[in-house]
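S.K.: Take the given structure of chain A and dock chain B to it, following the hints.
So the protein lines, in turn, are chains A and B. So that you can map any letter, position 98 of the first sequence is 99 in our numbering, and since no number is skipped, the others follow by simple counting. So that you can map any letter, position 198 of the second sequence is 260 in our numbering, and since no number is skipped, the others follow by simple counting.
Relax, there's no trap hidden among the hints.
Using 30 Å as the maximum straight-line C-alpha spacing, the simulated BS3-like pairs for lysine-lysine come out as follows:
(1) B:Lys-209 - A:Lys-48
(2) A:Lys-48 - B:Lys-409
(3) B:Lys-419 - B:Lys-478
What the hints contain is simulated information worked out from the structure, not anything from laboratory work.
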Amino acid sequence: MTELQAEQAAVVPRIESQSQRSRYRDVLIALVAFAVLAILPMLTGSKALLDFVIRCSAFGLFATSLNLLVGFTGMVSFGHGMFFGLGAYGFGLLMQRTGLPVPVGFVATLVITTLIAAAIGAICVRLKEIYFAFVTLAFQMLIHSTILSWVSLTGGDQGLRGGIPRPAFLGIDLSNHVHLYITSCALLVIGLLLMRQIAQSPFGYTLRMIRDNATRASFIGIDVWRAKLTIFVLAALFASTGGIIMALFVSGAYPEFAYWTISGEGIFINMLGGVTTFLGPMVGTVLLLILNDTVTRLTEYYGIVLGIVILFFAIGLRKGLMDFVVEWYARRRAGTGERG
Amino acid sequence: MTRTRKPGVSRRATLAMMGAGAVTFATPWVARAQAKTIKVGMPTILSGRVAQLGTSSRNGVMLEIEKVNAAGGLAGRQIEMVIRDSKGQPQEAARVARELVNTDGCEILIDAEASSGAFAVHEVARDLGVLCIHTNSETSALTADPKQHIPNAFRTARQGVHDSIVGGSYAAAIAKAKGLKKWATCSPDYAYGRDTTGEYVTYLKRFAPDTEIISESWPKLFQPDYTEVVTKILQAKPQALYTCLWGGDLTSYIDQANIYALFSQMEVFAVNMADYTALTVVKNLPKGIHSGNRYIKTYPATPENAAWGDAYKAKYNEYPTNWSWENATAIMLLAEASKKANSADGKKIAEVLRGLKIKSPFGADGTVTMRAEDQTLVGYAIGWGTTIPQEPYVPQVQAGDWKTIFELEAEWKKSKGYT
Chain A
2 MTELQAEQAA VVPRIESQSQ RSRYRDVLIA LVAFAVLAIL PMLTGSKALL
52 DFVIRCSAFG LFATSLNLLV GFTGMVSFGH GMFFGLGAYG FGLLMQRTGL
102 PVPVGFVATL VITTLIAAAI GAICVRLKEI YFAFVTLAFQ MLIHSTILSW
152 VSLTGGDQGL RGGIPRPAFL GIDLSNHVHL YITSCALLVI GLLLMRQIAQ
202 SPFGYTLRMI RDNATRASFI GIDVWRAKLT IFVLAALFAS TGGIIMALFV
252 SGAYPEFAYW TISGEGIFIN MLGGVTTFLG PMVGTVLLLI LNDTVTRLTE
302 YYGIVLGIVI LFFAIGLRKG LMDFVVEWYA RRRAGTGERG
Chain B
63 MTRTRKPGVS RRATLAMMGA GAVTFATPWV ARAQAKTIKV GMPTILSGRV
113 AQLGTSSRNG VMLEIEKVNA AGGLAGRQIE MVIRDSKGQP QEAARVAREL
163 VNTDGCEILI DAEASSGAFA VHEVARDLGV LCIHTNSETS ALTADPKQHI
213 PNAFRTARQG VHDSIVGGSY AAAIAKAKGL KKWATCSPDY AYGRDTTGEY
263 VTYLKRFAPD TEIISESWPK LFQPDYTEVV TKILQAKPQA LYTCLWGGDL
313 TSYIDQANIY ALFSQMEVFA VNMADYTALT VVKNLPKGIH SGNRYIKTYP
363 ATPENAAWGD AYKAKYNEYP TNWSWENATA IMLLAEASKK ANSADGKKIA
413 EVLRGLKIKS PFGADGTVTM RAEDQTLVGY AIGWGTTIPQ EPYVPQVQAG
463 DWKTIFELEA EWKKSKGYT
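Next comes chain A alone, as it looks inside the complex (with noise of 0.2 Å):
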């Protein structure tokens, strides 16, 4: 054994252990996130808070799932929406036509997606930047369309009326709010903790890889168009959570989940909260969230104000909040440590 392997040696069991304890440390963080969350019902009679956590779940699933492809693997998806209407539509028509249980009902859909999401990525992924950004784009438009115009099966442009039935299952009745609530933050909490874990993982870093330098990837062996479906199909199943949240919150689907404007705010959300952090969507979701709540009880003219905030963000800061307060906070450090 050279030095160097042996060196390398002693390193590797170093970093195992350490993105062990990371992991664990990721899981507690989980863990009390989701039990603030949960006594939050208790602490607060506003169903107003309640319903914004809701639909900070289904958006917070939905932006995050995107940064998997565009913060860590460098594919900006302009179609992600349409996974976020195919979980809402998936799920409401299963619910409604064949009167499954929930829990069946939420992996059936996340099967639909899976096998839909496989087939578009699958063509979509050989292509780069804005091919691939466009074709998405276009497969959005095509599942938009087919809701529209399959009136029989989808509602039209009406959208899935009537209302989604939800059979109560384990004890859990998702027509009562606060149940609905807690569900919600327990598939953001599991979403996001799974997400961490795809991010950190040796496959994630293949995905930073590939972002980088997808040439050098596949010289150093590694199947990039493979990678790349792969993290496809799972942002895919991430966004139709998403979705299914949406479907449960507003008890029906309607054909604006899946338009091109749905993935427009994601990428919003992104630029919002910042790329190259894990939290960074989450926080732009929320911070989305109150501007649009918030606005649009001051004012009508919402465009002009949310407009405002792009460029703030765009030419003011240049990157996502989330990146600036690391940022900043790696500045601030730097500075005491020079001045000690």
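M.R.: Showing chain B alone in chain A's frame:
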């Protein structure tokens, strides 16, 4: 070391931003004190392509609210309207509606949403049990389909199937008189366009069986250029054309079709023409377009209706729209029902609303009725006439016959499996 000002935001600014964030975070959940006023929430569309739907709905509502408040409000409680923009997104419509009830303490909802948004608000009403009046959705299924039925939701908008029955019978009479056999249709490509056109054609053929459709065009909603549609219709050489384009789409279509002199080559039936939003915007309104009435102040030709139209014009400096009268009617019904129930309680008002008949400037016979069985408005003025290029735009309107409407509507419901 010397510390120079680093680029970025200062500590003070950061603190200020955090403070502002905290305030914005907290305000929505500070429930405002509920005084003696009664809050009525209204989600609608105030931005984007169809913002006029929201603004003219709001105008219609506010015009009536002032009168009701001046007369003492709902059972002694002054009404305070809380009107919010949903941007035409159903999930926003649902959120805004929930927020209006849960946070702002609104006890009644006026749902001035269009299309899918109305169904989203309907689900909120189902969930929260709050009294809800749909004022803009004309989709028949909203009240005709028993699966949609909930005791606390009503509709004061006209209904697609009513329009089709009256339009079909009017067109059939003209078709017989003028020998119009070859028809073309041109309607926007979405549920409203497809359904309305389908129903219209059904009733046209029923009353005039020897008519046939030789050409169909389905331009996209909000399509800017209609050249290909116009030329396609001209090439097919129909004797008559039906269209349910509306608003800006209808006016651009007419402006563009005018270039090809389309209107001198065939009879045109445009159900949404006789609304001031279209009538006053078209550059050269052709003479003789057949249209259903949406809102015009000369039909019904009563002093009450003319006075209402003028009062609206005086206040807002524009004429009312179809949406204006539909929303105004909701407030009129609410006020009357509350008076009868001697209460502002949603449940009690709902009880009285079922089957309530009130005097109305928009009634075919001076009254409108909230039909008890499906909780939707009937007896409103509905008719067809032809246009002239200046006011009053549609001088002669032939009234639709509500007896026929009821018969055919019942038949239609049966065919759809609703009864």
